[in-house]
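Those sequence lines, one after another, are chains W, F and L.
Per our numbering, numbering through the first sequence is continuous, rising by one, with the last residue being 333.
Per our numbering, numbering through the second sequence is continuous, rising by one, with the last residue being 333.
Per our numbering, numbering through the third sequence is continuous, rising by one, with the last residue being 333.
Hints listed in this document are in silico derivations from the structure and should not be mistaken for laboratory results.
Don't take every hint at face value.
Copies of the same chain look alike in the list, so a pair counts if it fits in one copy or across any two.
Cut-off 35 angstroms, straight-line C-alpha distance, at most; resulting in silico cross-link-like pairs (DSBU-like, lysine-lysine) [what the hints assert, rightly or not]: (1) 319 with 266; (2) 92 with 330; (3) 115 with 330; (4) 262 with 147; (5) 319 with 262; (6) 329 with 291; (7) 147 with 314; (8) 314 with 291; (9) 221 with 291; (10) 115 with 319; (11) 94 with 319; (12) 147 with 202; (13) 291 with 319; (14) 330 with 266; (15) 147 with 266.
Values in this document were obtained by computation on a predicted structure and should not be read as measured data.
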Amino acid sequence: MAAALTLAQRIARSGVLPLCRRPLAWGRAHQEPPGPLLTPCRAFSNNKILVELDESSGVATMKFKSPPVNSLNLDFLTEFCISLEKLENDRACRGVILTSAIPKIFSSGLDITEMCGKSTEHYAEFWRAVQEMWLQMYSSNMVTVAAVNGSSPAGGCLIALTCDYRIMAENPKFSIGLNEAQLGIVAPFWFKDTFVNTVGHRVAERSLQLGSLYPAPEAHRFGLVDELVPEEKLQEKAAAVMAQWLALPDHARQLTKSMMRKAVLDRLVAHREEDIQNFISFISKESIQKSLRMYMEMLKKKKS
Amino acid sequence: MAAALTLAQRIARSGVLPLCRRPLAWGRAHQEPPGPLLTPCRAFSNNKILVELDESSGVATMKFKSPPVNSLNLDFLTEFCISLEKLENDRACRGVILTSAIPKIFSSGLDITEMCGKSTEHYAEFWRAVQEMWLQMYSSNMVTVAAVNGSSPAGGCLIALTCDYRIMAENPKFSIGLNEAQLGIVAPFWFKDTFVNTVGHRVAERSLQLGSLYPAPEAHRFGLVDELVPEEKLQEKAAAVMAQWLALPDHARQLTKSMMRKAVLDRLVAHREEDIQNFISFISKESIQKSLRMYMEMLKKKKS
Amino acid sequence: MAAALTLAQRIARSGVLPLCRRPLAWGRAHQEPPGPLLTPCRAFSNNKILVELDESSGVATMKFKSPPVNSLNLDFLTEFCISLEKLENDRACRGVILTSAIPKIFSSGLDITEMCGKSTEHYAEFWRAVQEMWLQMYSSNMVTVAAVNGSSPAGGCLIALTCDYRIMAENPKFSIGLNEAQLGIVAPFWFKDTFVNTVGHRVAERSLQLGSLYPAPEAHRFGLVDELVPEEKLQEKAAAVMAQWLALPDHARQLTKSMMRKAVLDRLVAHREEDIQNFISFISKESIQKSLRMYMEMLKKKKS
């Protein structure tokens, strides 16, 4: 049974090469232009996420490449948070595009195997990592753009919701939504708050109760995604949107973003431990465990 | 002058036959399938509402049949709350469809005669009953669908707003809205909160100030109702929508609904007595009484 | 360095002729009809705003005529607040239409010269005047209609947002929005709250971060303005909308408006001094001063 690790311990474990912090800040408000650039593009990768930073534009891309479906298990989330924190602290980086390296799937959401038949300590560690991912993303000082190039249920949708802008491939076979209720589980209040901030109370109330997954065109119609483009144009469009957002002075944009999201962020920060305990007691119920086991068996049968 | 009755006293008085509670729970999450059904459909009725429970589907229908216009007087509200509570406590019942047995009208809203020329005690009892109806409906564990088969002003609209889903006959002669301001009275904060949760702040602000009644097509356009169908398809559609909602595990759906509505429910619970006092002091004003008398006389002239 | 003036001192200074308060109240709820009218239309003006009150309809028009662009400097704001307060206290006046006497511009927003190179005391006085304008408008008992007959960025947009209804000339060359972020400054929380109440959280989050200015047709599409009409029909339409709102009993309409806006109004009232200190410390930063100077120089070059 693994004891809970601090983020620092996880970083030590992860083996991700630290980005050298260069005193670059061009494009950031109220700072001097940079010296000549030696390295136009740097890449680092661990196991599950490929990070590329284009220093000429200040834009990083985080590509999820955790087969088969980019599910959010503890390792993925740890690597995600470490990578994001590096970028956040890298003055050369002002924006990040999230996308998938796996065809047809952006992310399948929280990994059910992490919630099934594990110890209380494991559940706590896992849930803390999910919270951490949300807290970092929703409060990021960087411009965050989701280039949703495949289906994105549950936790996958949540990642997209934390971004400043969501572009989705206009393929109606790709769907997105917080479908937790379909699995017999309940999206926590901060998933709900993020969703309400994006689509409003009524759409959230209906969609969360039904656990609705929406094909891309429908998701676009009520604002769950901001824009649809043909899949082959997705990365190009994400770069163009990013350039538009980066044209604004960072300082004013960051303060504005913080003002818009503070109330919802504060709410989880204030109730973080309580939320972990709620998750543990809910997920430990035999009825819930049974539901999840049945769901996993159904998934296995589908594959074979 | 009638003293205020508790709900228990009202139940004792009402003469509605109690539903036998059968240990049925099929379709409810985490419970065993039921034994063979002996009674496929049970009906009970008092004076103003016809209740039919289809045990094979777990769906009840509450049909308002209080001529001429299903106005919400104290008797109607009492019968409504008792019937709803029975269904809520009946494990054979998972959803309820609200509709009208009277052509062209769903419900005309609060009965003005209950607010005019009566005693303070009567106003208090009446307002408590209105609150009770809203509290029970907005917090119901059942799936609630409004099949709005006629006009639905003021309190009639409120009933529809408390449901999980609103389907309306697509007849543009049928209108719906919170038109209290037209009568010189003010929708209380919990009417307003329910409205804002459904149509958003801006539409609510404008509509409540103007006391707007919207023809069905317009009401649909901004989300006051979720769907329009030809009147002859209304009950069929309500059943189909209900089946879709009942396909979800009850437990997850109920917790999600509660999460979405808790803040607004808690607000009335916390200020219930204060809200009653506000209603009494407002409605007791001579200027308001005069307005209501004029309005009733206008209605009487219209009839003759 | 001018010491802060109280509103009373400003009124004394302003030289605006006080409206005689006549005990007229026709159209107001629960009051007697007026006697015969002696003066069908009264006008008063100071320097920057022309006010006309049509006593037959109870509707005043406030026309901004502060060339070149109706920017909101301290003198304009003081005159605005005094004029509005007079109308508010004039029982002959039930509604006010805000519009511009200057072609192509409604108002260019806060005057940057008031925020650049001035004393702390001046910043405090200026900011208090901006707050006062917002507090008076957003809480006005009168029906307020914005007839937006030109572009309306930043503070100009805010004035429109405080109204009960916004009609805009359908000229796509006219734009409207809270574009503060484009200048490197941040809209304060009460600008944001007013914006969220009008267009919802998501549109506000995106628009405020990008400092978006929307051409009239786009602003209409997501509800930043309620209606578009050809420019030559704007005043006529504003009068028609006003008549529709004035058809409601004042008392019920006013209580409803107060209920909708109270939370947001209370928030500034509770944090007013803190908000002034925040403004001063933000605007006094050398980096912000530099940004504003650059922006003003850019504007000067554009003109010449």
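- Item | Violated hints, by number in ascending order, as checked against the structure | Violated: hints 3, 4, 5, 6 and 15.
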